[in-house]
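Please take these sequences and the hints and turn them into a complete structure.
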Amino acid sequence: MKKIGIADTTFARYDMGGAAIDEIKKNASGIKVERYTVPGIKDLPVAAKKLINSGCEIVMALGMPGPQPIDKQCAHEASLGLIAVQLMTDTHVIEVFVHEDEAEDDRELKWLAERRTREHALNAIALLFHPEKLTEKAGTGQRQGFDDAKPL
Amino acid sequence: MKKIGIADTTFARYDMGGAAIDEIKKNASGIKVERYTVPGIKDLPVAAKKLINSGCEIVMALGMPGPQPIDKQCAHEASLGLIAVQLMTDTHVIEVFVHEDEAEDDRELKWLAERRTREHALNAIALLFHPEKLTEKAGTGQRQGFDDAKPL
Amino acid sequence: MKKIGIADTTFARYDMGGAAIDEIKKNASGIKVERYTVPGIKDLPVAAKKLINSGCEIVMALGMPGPQPIDKQCAHEASLGLIAVQLMTDTHVIEVFVHEDEAEDDRELKWLAERRTREHALNAIALLFHPEKLTEKAGTGQRQGFDDAKPL
Amino acid sequence: MKKIGIADTTFARYDMGGAAIDEIKKNASGIKVERYTVPGIKDLPVAAKKLINSGCEIVMALGMPGPQPIDKQCAHEASLGLIAVQLMTDTHVIEVFVHEDEAEDDRELKWLAERRTREHALNAIALLFHPEKLTEKAGTGQRQGFDDAKPL
Amino acid sequence: MKKIGIADTTFARYDMGGAAIDEIKKNASGIKVERYTVPGIKDLPVAAKKLINSGCEIVMALGMPGPQPIDKQCAHEASLGLIAVQLMTDTHVIEVFVHEDEAEDDRELKWLAERRTREHALNAIALLFHPEKLTEKAGTGQRQGFDDAKPL
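Protein chains in written order, with the working numbering: chain A, 1 to 152; chain B, 153 to 304; chain C, 305 to 456; chain D, 457 to 608; chain E, 609 to 760.
Treat the hints with caution; some may be incorrect.
As the list claims (entries may be wrong) - Taking lysine to aspartate or glutamate and the EDC-like style, the derived pairs with C-alpha atoms no more than 16 Å apart in a straight line are: (1) K758(E) / D471(D); (2) K454(C) / D623(E); (3) K302(B) / D106(A); (4) K155(B) / D167(B).
The hints are simulated quantities; they were obtained by calculation from the structure and are not laboratory data.
Right under this line is the structure:
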């Protein structure tokens, strides 16, 4: 049985981990989910690595960086760490970051966090079980959260 | 007996290391603490690694970056190093940085350094002994130092 | 038989992977191509590494970063990851990124994505089969996509 | 006999290496010093690593970045490299960088380069022989070069 | 017989590789030179690593970043990669980058590319055969290309 890891934070203002788990359960059977919650996004890389060490074949790393420059810097550092984890383990870690200033108000932010997480959960499942489905959509302007972009 | 490492600096203007140790002792029994003080935040990554090498199962890395652009750059470099340490050792290093320009005056800065350190000490204990308590708070907007954010 | 890896994204708004494969097939015989599509550019480094692990002797990493600052940051992170992959594997990964704001409109963007991809496909073939052809052009201001620069 | 490495540059406008060696000799006996001079600050990381490989138990990396944005970027890259060296070797490398624009004129710049280097030489000795002395000063606002900051 | 590696690009607008080889041959006997040309500066790190793998004891990495922000970012990424190569191999890689906006016109740019390359070729020879000559010039404000800076 394949295992998916969910790394999330207490810093986030929405339960992205819960949404991810729900979407995975709805769309794939015979999957085990392991969840690991850390304080903030900069704790996500080692959490993702530990999830992989414990047998997860793919990990979703979920976080909500704040709107200040320091928050952007933290997100940048976390992203670099998440890429490093992937290269150290040859395993995908799908980063799902929702920046507070992407949305106009809390209502939209909540909608965005929920939707981006769920759409990326489907990406994780595709990478794990049906990578050819991603190739079918190559170069088509797929976005997670807001509307897809227009293919050229 | 589990051992927690405390890496701090002579550069900081407040004894964050002392506050961390006090908070840990108050909230966990049967824990050994090892402290390693270095000149500045860019010396913290190797200090954290050495603490882990000597048996610490988690490390707190405490620092107070100054307000200038070069200080921000140093903090960024230190943060990347702390993430690298974690990935090399599969061990959490809780970064507790208090930027001088986060507070309006010295009094608030002192309050912030003390409070953020103590709140992160509790995070360290939770990661070490009760990780499920963090999952209970996943996505609830927890902050360390200033007030928590509003969950969406 | 040598194998070239093509890593591309569903995020891109043009089928750069298709263009790369077409150009390779037109210009080299007895080559096998393996394609790996991921959601976004930050997923490219691990995809490139997996392609190399599966026997590819060179990889093209194709992506179309958006025009926002956060997109630039993602591209920067992806680029650092692609360089890391190369150093971990001693294998070239040709990065082909087309930034949305490089072109004045969608028509030019499409032209640029197509042309840069095809020109870099020729670079990949040269690196793999005829590295001396690149030395013949050393210092001559070669560009991929827009016009070459003027040699001094 | 313990060995301290001194990595410096021909780019610097002051003989920081000489000052470091003089301060070390004045304050510690039975120490061997090995010096390695490179062209610029971006050559310091590998120089520091080679010094450690040859038996140095701590290294001082001395440099004087210029005032332009590109100089700042070079310093940033060098700093990241110096942190990497430390994590690869579990050995401290004390970075002593004096930025040209920190001082108002050449006279102050010379004073700063001399003083910061000497103060950090004492830090290196403390880390090597008396780490407890640094813990005594933890959180007290120590600076190297300009005046110490005020403890909160 | 010692071997020096020359990594250069087809992107550069001047034959820096040719200038480097000429300067090396003029100033050192009994040296073998191996040249490796890649498309752009971000391909230089792996090229440098391959040159080292094939026996080069030092490498010069030659490039001419363009004047746009994205070019600066590419140069930054390449520089980080070149530092990583050095730390992975304990071997110097002398980065010789000439930024287009350093010169006022094409004539000066050509002069700068030629002169900086040749001056760094001498640094490479010094590092390889006479490191003590660099120590003699430590802290004297040496520059490559434009005039040396004034020692303090």
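Evaluated hints:
1. The hinted pair formed by K758(E) and D471(D) meets the criterion: a straight-line CA distance of about 12 Å does not exceed 16 Å.
2. Proximity of K454(C) to D623(E) is assessed by CA-CA distance (about 12 Å); at most 16 Å being required, the pair is judged to hold.
3. Of the supplied pair hints, the one linking K302(B) and D106(A) holds, its CA atoms being roughly 10 Å apart against a limit of 16 Å.
4. Our distance criterion of 16 Å between C-alpha atoms is broken by K155(B) and D167(B), whose separation comes to about 20 Å.
Hint compliance for this structure: hint 4 alone is broken.
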